[in-house]
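If you're matching them up, the sequences are chains A and B in order. Counting from 1 along the first sequence, just add 101 to a position and that's the residue number in the numbering used here. Counting from 1 along the second sequence, just add 1235 to a position and that's the residue number in the numbering used here.
Honestly, the hints are just simulated from the structure, not real lab data. The C-beta atom is built at its ideal place from N, Cα and C for all residues, glycine as well. Among the clues, some could well be false.
[Unchecked claim] Some chain A residues judged to face chain B by a derived CB distance under 7 Å, without partners named:
{"id": "1", "residue": "106"}
{"id": "2", "residue": "146"}
{"id": "3", "residue": "202"}
{"id": "4", "residue": "204"}
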Amino acid sequence: DAGVTQSPTHLIKTRGQQVTLRCSPISGHKSVSWYQQVLGQGPQFIFQYYEKEERGRGNFPDRFSARQFPNYSSELNVNALLLGDSALYLCASSLLGGHSNQPQHFGDGTRLSIL
Amino acid sequence: AQSVSQHNHHVILSEAASLELGCNYSYGGTVNLFWYVQYPGQHLQLLLKYFSGDPLVKGIKGFEAEFIKSKFSFNLRKPSVQWSDTAEYFCAVNAGDMRFGAGTRLTVKP
């Protein structure tokens, strides 16, 4: 069975540009969450989507946005990129969302470098 | 807002030594607790989880964790570590959305 897949694996952008990251959840999973992992730190929660609706948002600026499609895949968009946005962006899927005891399954991440 | 604290940034052990990694969280309601592991070059993987019931939970690869509600703690243990346990370990709490600790890097010397 395919796990969580993310694309692209690596991306290099310059300050001020915009980027779109993509995620396909495990088949049957309806919830997708996005995390930012800076080197040496744990993943920081950005968004959670469940059944195509935003169910949670972390402490990130409005430059960050996301959406979930009818097939439960998801995109994370970041506008006006800053040097500090350089990080590994992780996508995780689970069967359910919200206050859930469902463990999340993680993809390999997209490594975003801002020059 | 909920937060998760992992006390040890980097732990170095010899093979066969016992391991305990600390994790404390700040959230007063019902929580679901997790430990994830990230081996070098691999994605995060679930080690074990606690939702309810027996506060001592067993996970994969001989790991276990104990939930102590009064201490808001969920420490990870393993009686005898192996070189292959070298990895980064993350404690996480889900009370609506998943929050991770900063991680503990474990290095096991052969």
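Legend entry - Earlier hints that do not hold, by number: Violated hint: only 1; rest satisfied.
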